[in-house]
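Order-wise, the sequence lines are chains R and L.
Just so you know, we're using the UniProt record's numbering here: the first sequence kicks off at 1 and counts up by one.
Just so you know, we're using the UniProt record's numbering here: the second sequence kicks off at 1 and counts up by one.
Just so you know, these hints were derived from the structure itself, not from any lab.
Some hints could be false.
Since the list can't tell identical chains apart, any single copy or any two copies may satisfy a pair.
[Claimed, not checked] Simulated pairs of lysine to aspartate or glutamate, DMTMM-like, Cα-Cα distance not exceeding 20 Å:
no.	residue 1	residue 2
1	LYS554	GLU501
2	LYS126	GLU521
3	LYS52	ASP198
4	LYS576	ASP317
Protein chains: 2
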Amino acid sequence: MRTSQYLVSTLKETPADAEIISHQLMLRAGMIRREASGMYTWLPTGLRVLRKVENIVRDEMNKAGALEVLMPMVQPAELWQESGRWEQMDAELLRFKDRHQRDFVLGPTHEEVITDLVRKEISSYKQLPINLYQIQTKFRDERRPRFGVMRAREFLMKDAYSFHLSQDSLEQTYQAMYQAYSNIFTRLGLDFRPVLADTGAIGGAVSHEFHVLAASGEDAIVFSDQSDYAANIEKADALPPAVARPAATAAVAEVATPNAKTIAEVSTLLNIDATQIIKTLLVHAVKANAKSDDKAPQGLVALVLRGDHELNEIKADKHPLLASPLTFATEAEILAATGASAGSIGPVGLTIPVIVDHSAAVLANFVTGANKDGFHLTGVNFDRDIQNYQTADLRNVVEGDPSPCGKGKLVVKRGIEVGHIFQLGEKYAAAMKAGVLNEEGKHQIMTMGCYGVGVSRIVAAAIEQNHDQYGISWPDAIAPFQVAIVPMNMHKSVRIQEAAEQLYKELTAAGFEVLFDDRKERPGVMFADMELVGVPHHIIIGERNLDERKVEYKNRRTGEKTVLDLDAVVAELQQKLK
Amino acid sequence: MRTSQYLVSTLKETPADAEIISHQLMLRAGMIRREASGMYTWLPTGLRVLRKVENIVRDEMNKAGALEVLMPMVQPAELWQESGRWEQMDAELLRFKDRHQRDFVLGPTHEEVITDLVRKEISSYKQLPINLYQIQTKFRDERRPRFGVMRAREFLMKDAYSFHLSQDSLEQTYQAMYQAYSNIFTRLGLDFRPVLADTGAIGGAVSHEFHVLAASGEDAIVFSDQSDYAANIEKADALPPAVARPAATAAVAEVATPNAKTIAEVSTLLNIDATQIIKTLLVHAVKANAKSDDKAPQGLVALVLRGDHELNEIKADKHPLLASPLTFATEAEILAATGASAGSIGPVGLTIPVIVDHSAAVLANFVTGANKDGFHLTGVNFDRDIQNYQTADLRNVVEGDPSPCGKGKLVVKRGIEVGHIFQLGEKYAAAMKAGVLNEEGKHQIMTMGCYGVGVSRIVAAAIEQNHDQYGISWPDAIAPFQVAIVPMNMHKSVRIQEAAEQLYKELTAAGFEVLFDDRKERPGVMFADMELVGVPHHIIIGERNLDERKVEYKNRRTGEKTVLDLDAVVAELQQKLK
Chain R
1 MRTSQYLVST LKETPADAEI ISHQLMLRAG MIRREASGMY TWLPTGLRVL RKVENIVRDE
61 MNKAGALEVL MPMVQPAELW QESGRWEQMD AELLRFKDRH QRDFVLGPTH EEVITDLVRK
121 EISSYKQLPI NLYQIQTKFR DERRPRFGVM RAREFLMKDA YSFHLSQDSL EQTYQAMYQA
181 YSNIFTRLGL DFRPVLADTG AIGGAVSHEF HVLAASGEDA IVFSDQSDYA ANIEKADALP
241 PAVARPAATA AVAEVATPNA KTIAEVSTLL NIDATQIIKT LLVHAVKANA KSDDKAPQGL
301 VALVLRGDHE LNEIKADKHP LLASPLTFAT EAEILAATGA SAGSIGPVGL TIPVIVDHSA
361 AVLANFVTGA NKDGFHLTGV NFDRDIQNYQ TADLRNVVEG DPSPCGKGKL VVKRGIEVGH
421 IFQLGEKYAA AMKAGVLNEE GKHQIMTMGC YGVGVSRIVA AAIEQNHDQY GISWPDAIAP
481 FQVAIVPMNM HKSVRIQEAA EQLYKELTAA GFEVLFDDRK ERPGVMFADM ELVGVPHHII
541 IGERNLDERK VEYKNRRTGE KTVLDLDAVV AELQQKLK
Chain L
1 MRTSQYLVST LKETPADAEI ISHQLMLRAG MIRREASGMY TWLPTGLRVL RKVENIVRDE
61 MNKAGALEVL MPMVQPAELW QESGRWEQMD AELLRFKDRH QRDFVLGPTH EEVITDLVRK
121 EISSYKQLPI NLYQIQTKFR DERRPRFGVM RAREFLMKDA YSFHLSQDSL EQTYQAMYQA
181 YSNIFTRLGL DFRPVLADTG AIGGAVSHEF HVLAASGEDA IVFSDQSDYA ANIEKADALP
241 PAVARPAATA AVAEVATPNA KTIAEVSTLL NIDATQIIKT LLVHAVKANA KSDDKAPQGL
301 VALVLRGDHE LNEIKADKHP LLASPLTFAT EAEILAATGA SAGSIGPVGL TIPVIVDHSA
361 AVLANFVTGA NKDGFHLTGV NFDRDIQNYQ TADLRNVVEG DPSPCGKGKL VVKRGIEVGH
421 IFQLGEKYAA AMKAGVLNEE GKHQIMTMGC YGVGVSRIVA AAIEQNHDQY GISWPDAIAP
481 FQVAIVPMNM HKSVRIQEAA EQLYKELTAA GFEVLFDDRK ERPGVMFADM ELVGVPHHII
541 IGERNLDERK VEYKNRRTGE KTVLDLDAVV AELQQKLK
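Here chain R stands alone, though its shape is the one from the complex (with noise of 0.2 Å):
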């Protein structure tokens, strides 16, 4: 392709909206554009590397035996409402009327329609197991679109369900998701990790994250330093320490500590250690009747933990105790529970009931609020002060902690969701009454896996992983194009120019995608944009060399430099490309 007759719209200023650097460099590299909140337009240069993750996926995919098919985006509202989803979801399900005023849903997922699709098409065992999936235009109503395609509402999505009569059969396909996840994250050439995770509003028993590693990653995900063991964070267990309480040696004593709400400005004013400081947090209680549509709250429950932990909200939501999904107690109940403001409560005295994580369990002559604003509580302990409360496991982990497959430290490192693979079970298929006759004659309901890649995300968690000062460093396996031409002054001198058309035509007839800038800009501005859009291999051509029949080969990525023959330019990339 020459850049005279591409788009190559990159831009020099960083857009003032864009909060990530992969948005923003899919900005200035010219890959998207707004249309509205949360949609894009994807130019050629962005559409060129959606389409290489697009055909990964695609192959991976069938390689594990995955049949594609391809479901419409709008669906009808029976089959939502046949689901339960119908009334269970919230805004993100867009809704809308057709011309006949019938109700329709602009499709974020499509466990029913599969759902719907196989119980009409497949009615023996003998058709089981079956695994579809399709490659799809997915719209989900965001409340607050952002961070570019990272988080948008119309996004390109891989889509995958499988259909089984039994655990095993459900087991084996998930393995092998498990597997063309990994093949395909490998084949990307991303540096990612899978990892335990909770099956939110999904459903189901078992669950996997793919992530791709990078700084900026909005998940949080941990690993052992000596196991296979990699969970998310809401995910993993913290194991309660091996440790014992130390004695109760101090006498509780009240001191004052006005202005200091927060556990680091109590640690600072007290000069005590953040770990010897325990805080506590009010929620909301399981309502007596959970059927009931009474909105008043049935009472509230004290959560503690030690001042340097943080609460997992997964795991408070899931305890049997506490109201799902989890809600924090106003500042008004508060006060009427404790008689005291957020900033200055504390477990001793309470007459709520208490839950302790496990690592503040085995604290012993801690500080605690006074549930009396403006004061906290020194050498408080547990069963001498604080005696009724049961302990759980309430934190989330923390680097070093153990690991909880028994093995090695836990490391923690951010990542980027681009794949999810569940275990569903029958979740839809029983709503659905999805069945077959089984090898006995009977009617059996199917159990059902799902398993999820989020494809335009992946092109810009790969920016988020891949990118200096300069712009994007693609992996080969997806930029936009694989070598660039930069002939230095090509309109002043027919002797580059001659060299530059003989290489895009031999390297084009090799079978490579070479970007050949054929503009009239100075070297400058087209080393800049190569940079920028991120082509891995740049070959220079400019007068000096061409004395002696050479060119310049940079690599994007490590910035080395080499002067190569011009006739052994070809043999030299396939080298570097095979």
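Got chain R sorted already, so can you dock chain L onto it with the hints?
Chain L alone, transformed into the frame defined by chain R:
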């Protein structure tokens, strides 16, 4: 692909709700399934065909220098308000609100989005011309979706938009697209014709449609038998007859024609050829003030045609005396204007304007309604009996008419419109103020072309053109599989199984797309399925031939059967599929 690991999903019975053969066969061959009215899931067999069509379209667009982009399906209402189509389009344009109550549409086409993109992205004449395309899902909320994917609500389309500063440049790209489309349909293996077309609601001056020829086609298209002239019948001019009008020799006589209301009935009753009878249609005149909101008709006009001719509504719509859109008079209006009902009216004695089609205007001594229920007039003549009239081209051409190009006679065929190219001009660019700085440094509005291919529709059109009593007979280029291996009673014969497995391995290694029917089915069932699905080349492995290391080859289209050496199959198929 092994059928045992595939979703064959063929149906023996023709589904009751499928009216046309392509819809029936797509359901029976397991290509599509209905999700909702006008919305279909593409099953693996259908999707394989769809992707092949898509890839050929993409390849030819790229070769023609067009750049692929991907625009969102969801489009903000503001853009449609700017172009004026938010008001102009009826309920086919599906409108909805997002969670923030902002108005959006589900894109039926992308003129607005691309014009918005280009006006932001392109600022100088140096960047022109540019031709951007996408292959993307569209939604049109058809009042009466039918014929499966032939007239669906959700469908796949290739739409391209080119931008220029001069008519010359537009014409060059238009010509390149004309050639690309010809290449596409040639490569698809379809019998097609490009024809002159009306530009309709899209607007613009010059336009061609590309039709796949099929007896079931919705459109009539006409060709000269001696030149390249070809047009949609909507667009084809009927030349005024070269003959002079015969003399008026008969006197007017009133004859009773009880119950004879149609041309056919009058012709039979009076034993007079339909070519000697005229038909009269009353339509609304153009409003005195076209911008007036006054809904009252501004009078009627009588249109007069030869009895065997059909009114061309596009021509009438464009006549300066007539309302646009063309509006027929109601029964009450006809009675008020003529004193008779529709079956008995004629131009004699009418006080409203009369427009006579050129072919009717050369008749003499003809028959017409008497403007008196149950009576006709014979021996009627223009000028003598009908004074105030004008002539125009109002009719559809018919087979045998002289070609408007001046060479040859017209032949009429049926076609399915699968492509449409337009020289749009400034319609959208002017409304949306899309301009660039021209060579003189002045802001100039761009001129546009647009070019559509109905990708999913092509699949149905290909079937309408290529089928027989056994099912679909795909052209090689778009067949879901190229070769079927049909081993007879494989599960009872190790020898057949081994030969089949070996051949499957060899053909797959040689790059063929093979459907290997390894099901435990009777040979008859397997043959029927392969014919129905339309695999072009069948290799049948049976005991008798295998004794001599031979297999049977069958050509799906021609029915040709030959016996091949087992070891020669790969080479033979390479030859046939070259």
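Cross-check of the supplied hints:
| no. | hint | verdict |
| --- | --- | --- |
| 1 | LYS554 x GLU501 | within (19 Å within a copy, 49 Å between copies) |
| 2 | LYS126 x GLU521 | between (64 Å within a copy, 13 Å between copies) |
| 3 | LYS52 x ASP198 | neither (30 Å within a copy, 39 Å between copies) |
| 4 | LYS576 x ASP317 | neither (51 Å within a copy, 65 Å between copies) |
This entry does not satisfy hints 3 and 4, going by the numbered hints stated previously.
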